[in-house]
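Please construct the entire structure, taking both the sequences and the accompanying hints into account.
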Amino acid sequence: MNDHPQGYDAQPAWRTIQGFLPPEYRLGPDDMPAEEWWDWRGHSIHLDRFRDPDAPIKVILFHGVGTNGRQMSTILGAPLARSGFETVAIDMPGYGVTKVARGVTVTYDDWVAAASDFIDAELARDPRPIVLYGLSAGGMLTYHAAALNRKVKGIVGMTFLDQRIPQVSDETAHNKLMNRIGMPQVRLANKIGLGSLRMPMSLASKMRALVNDGRALRAFYADRTSAGNWVSMAFLASYADYVPAQEPGDFDVCPILLTQPAEDNWTPLHLSNLFLDRVAKVPVSKVMLDNAGHYPIEQPGLRQMHDAIVPFARKCAEG
Numbered sequence: 001m002n003d004h005p006q007g008y009d010a011q012p013a014w015r016t017i018q019g020f021l022p023p024e025y026r027l028g029p030d031d032m033p034a035e036e037w038w039d040w041r042g043h044s045i046h047l048d049r050f051r052d053p054d055a056p057i058k059v060i061l062f063h064g065v066g067t068n069g070r071q072m073s074t075i076l077g078a079p080l081a082r083s084g085f086e087t088v089a090i091d092m093p094g095y096g097v098t099k100v101a102r103g104v105t106v107t108y109d110d111w112v113a114a115a116s117d118f119i120d121a122e123l124a125r126d127p128r129p130i131v132l133y134g135l136s137a138g139g140m141l142t143y144h145a146a147a148l149n150r151k152v153k154g155i156v157g158m159t160f161l162d163q164r165i166p167q168v169s170d171e172t173a174h175n176k177l178m179n180r181i182g183m184p185q186v187r188l189a190n191k192i193g194l195g196s197l198r199m200p201m202s203l204a205s206k207m208r209a210l211v212n213d214g215r216a217l218r219a220f221y222a223d224r225t226s227a228g229n230w231v232s233m234a235f236l237a238s239y240a241d242y243v244p245a246q247e248p249g250d251f252d253v254c255p256i257l258l259t260q261p262a263e264d265n266w267t268p269l270h271l272s273n274l275f276l277d278r279v280a281k282v283p284v285s286k287v288m289l290d291n292a293g294h295y296p297i298e299q300p301g302l303r304q305m306h307d308a309i310v311p312f313a314r315k316c317a318e319g
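For the sequence shown, the working numbering begins at 1 and goes up steadily by one.
Where hints are given, some of them may not hold.
[As the list claims (entries may be wrong)] Quick list of simulated restraints, FRET-style, between CB atoms:
1) N175 <-> M288: 23 to 29 Å
2) P29 <-> M199: 35 to 41 Å
3) G42 <-> D290: 41 to 47 Å
4) R180 <-> G28: 45 to 51 Å
5) R164 <-> E36: 33 to 39 Å
6) V104 <-> M288: 35 to 41 Å
[To be verified] In the PhoX-like style, the derived pairs of lysine-lysine whose C-alpha atoms are separated by at most 25 Å in a straight line are:
7) K281 <-> K151
8) K151 <-> K286
9) K206 <-> K281
10) K191 <-> K176
11) K206 <-> K176
12) K151 <-> K315
13) K286 <-> K315
14) K281 <-> K315
If you're looking for bench data, these hints aren't it; they were derived computationally from the structure.
Cβ coordinates follow ideal geometry from the N, Cα and C atoms, glycine included.
Shown next as structure tokens:
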């Protein structure tokens, strides 16, 4: 596919959003990631890559349902690159500047398959150990991809949300009524062939708690490639009901690190604990990020996240 869409150079929203980050986390002309495109099942998937052929470890960054890959590059991709890692942030189909194949309705199952296939593609490129990072729903995506692929050395999540647990789906939905009444309607719509119908993700989820700064939240909502995105009934139904290749009690692929924002008003610690407390066969560690919201734009949380991931990734790669 040669007709790749425009990248983030032509998209002003991310520059507005990064203006709410501390100055050292804002990408300038001299520290921009290389933009690449990966053709997968007819989709033209956008990648932000900080190349470093001498780096001993590669970290793949996954966004959630209110963010995109460029927003991962700012808060973690660039800082990890400065610490000697190669990083690559991926725009999953339907988000960021990835171009979805014509006529295709994207599901969450597609996200897991794309993540697993991308890991394979990266390992075919070179054999360096891979660690996954995921923010929000991306945290569980790291688990689902690792369980399916079984080739990564470690996973880091900013929350691990098993939407099959009623407490998790109740607390992370727009409100409890939306979850208890709306989600059965979403499942029905998908079952009877209306899966391509779309709705704002902000109506399905507690997007209002994405960041703790009101001005930043307005900037996110204005971005149709992240928090302002619309998703299909098929995506919502598959996200809610996804069954992993390994249940947590059987997961034996790699160590897990939770980097939990301490001021997360969307997905507080107890929701991830409902999942992580069932993991028995691999080490699980947890780090709290002080003063940080769900999408962290605050110090010292941003620095603490970086400082926790660096030794974790190095240890995983050596194991």
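Hints and how they fare:
no. : hint                      : in the structure
1   : N175 <-> M288: 23 to 29 Å : holds, 27 Å
2   : P29 <-> M199: 35 to 41 Å  : holds, 38 Å
3   : G42 <-> D290: 41 to 47 Å  : holds, 44 Å
4   : R180 <-> G28: 45 to 51 Å  : holds, 47 Å
5   : R164 <-> E36: 33 to 39 Å  : holds, 34 Å
6   : V104 <-> M288: 35 to 41 Å : holds, 40 Å
7   : K281 <-> K151             : holds, 16 Å
8   : K151 <-> K286             : holds, 22 Å
9   : K206 <-> K281             : violated, 32 Å
10  : K191 <-> K176             : holds, 22 Å
11  : K206 <-> K176             : holds, 10 Å
12  : K151 <-> K315             : holds, 16 Å
13  : K286 <-> K315             : holds, 15 Å
14  : K281 <-> K315             : holds, 17 Å
Hint 9 from the earlier list is the only one contradicted by this structure; the remaining hints agree with it.
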